[in-house]
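Undergrad: Chains G and Y supply the protein sequences, listed in that same order.
Note that the first sequence covers residues 1 to 244 in UniProt numbering.
Note that the second sequence covers residues 1 to 161 in UniProt numbering.
Please keep in mind that the hints were generated in silico from the structure rather than gathered at the bench.
Heads up, a few of these hints could be off.
Label-pair distances were calculated between CB atoms; the ranges are [to be verified]:
| hint | chain 1 | residue 1 | chain 2 | residue 2 | range |
| --- | --- | --- | --- | --- | --- |
| 1 | Y | 24 | G | 81 | 17 to 23 angstroms |
| 2 | Y | 30 | G | 30 | 21 to 27 angstroms |
| 3 | Y | 36 | G | 5 | 39 to 45 angstroms |
| 4 | G | 34 | Y | 121 | 48 to 54 angstroms |
| 5 | G | 140 | Y | 73 | 52 to 58 angstroms |
| 6 | G | 243 | Y | 26 | 35 to 41 angstroms |
Don't be surprised by glycine CBs; every beta carbon is placed ideally from N, CA and C.
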Amino acid sequence: MHGFANPARFLRIAKWLTAPLLVSGLLLSFGAVAWGLTQVPPDRLMGDTVRILFVHVPAAWLGMGGWSAIAIASLMELVWRHPLAAIAARAAAVPGAAFTALCLITGSIWGRPTWGTWWVWDGRLTSMLVLLFLYFGYIALSSSLAREGQSSRIAAIFGLVGAINIPIINRSVVWWNSLHQPPSITMGESSIDPVFLWPLLIATLGFSLLFGGVVLTRMRAILADMQAEARLRRKALQAEDIVR
Amino acid sequence: MNAKTDRGLKPKHQRLVLVIVALVALVGAGLLAAYALRNQASYFYVPADIAASPPAPGQAIRLGGMVENGSITTAADGVTVEFVVQDGVARVPVTYAGIVPALFVEGSGVVAEGSMGADGTFVADNLLAKHDENYMPRELEGMSTAELREELQESVAGAGE
Chain G
1 MHGFANPARF
11 LRIAKWLTAP
21 LLVSGLLLSF
31 GAVAWGLTQV
41 PPDRLMGDTV
51 RILFVHVPAA
61 WLGMGGWSAI
71 AIASLMELVW
81 RHPLAAIAAR
91 AAAVPGAAFT
101 ALCLITGSIW
111 GRPTWGTWWV
121 WDGRLTSMLV
131 LLFLYFGYIA
141 LSSSLAREGQ
151 SSRIAAIFGL
161 VGAINIPIIN
171 RSVVWWNSLH
181 QPPSITMGES
191 SIDPVFLWPL
201 LIATLGFSLL
211 FGGVVLTRMR
221 AILADMQAEA
231 RLRRKALQAE
241 DIVR
Chain Y
1 MNAKTDRGLK
11 PKHQRLVLVI
21 VALVALVGAG
31 LLAAYALRNQ
41 ASYFYVPADI
51 AASPPAPGQA
61 IRLGGMVENG
71 SITTAADGVT
81 VEFVVQDGVA
91 RVPVTYAGIV
101 PALFVEGSGV
111 VAEGSMGADG
121 TFVADNLLAK
131 HDENYMPREL
141 EGMSTAELRE
151 ELQESVAGAG
161 E
């Protein structure tokens, strides 16, 4: 992993990877969602409402995946002091929060016709809402630390501590009685009919590629910001020298 | 010789050990909290819970389980439904007056909000349908496995054309 520690080398690879990730992610996401919206038959009980699945499930996966990425990057920052880890964690936070919000919104829209309510305080829904608030806290903390020019170590500790919520979200429907249904896909077995499963898997892949592309773009933007700031500071120092 | 490496762990490994110890403590605390919440964090009681420790009549609770097959009856007024919620262990009769959710059918999951009446009937003032983890298109319902396989092969072949 320390092969990428050199920002110049990382930037070269990231620049090359960003466009393919974004384009393939967009194509697969749009294709799979369009397939799910138009070509898939209605569910036996839910009818057309089942189509929200193709956005809701990938969004939930990336909401949780985003925080897992933050936690891994935080670990690498705290233990190995990897120079790009803090930037990667900051870059993953905003898209992670966006997907978590998308998951909550689509879930709510699905819940109204299916359950008969927009929202309930059961284990799954509550822990997912907690994840969204954790994202807000992380974004506020890490961006304020970066703005003040302080060490991002506190944000890394927050990222690691917050990761305890991820297994809780995952297990919430197993540990506690909840209105949300238990997992459909467990250990390679699926109780989702293949007609629904294939577009769902492709949409998940597409959303994930898109997520990767967005994270790389944001990392490049943050690095460019830092470079520009360093250059400005250097120029300011030089100007001071000339005045003297 | 290098004095630093001779005197025990490198800083990197110290940090690693520290983070692992902290994470173990954190996960332990989380698991203990989740275990302690086991009963409180459940969204509803199942009929077995009601049978084991009957709640006081009038106390607001949620009851969840499966709607027993053949148990739904509609009263003469057209809006009061009576049905039985069961979980394979115990059964609780429920009465509810109002519009039922679209997914409220016999043999599927339901969560009723309300309280136990004095006669042991659960009086619900709100019904939520609980969807299970199965997703299946309408045409495939009620088919045997062999028929399902045939149908799927046809649809796959049709998609390839």
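Undergrad: Tell me the hint numbers this structure goes against, listed in increasing order.
TA: Structure breaks hints 2 and 6.
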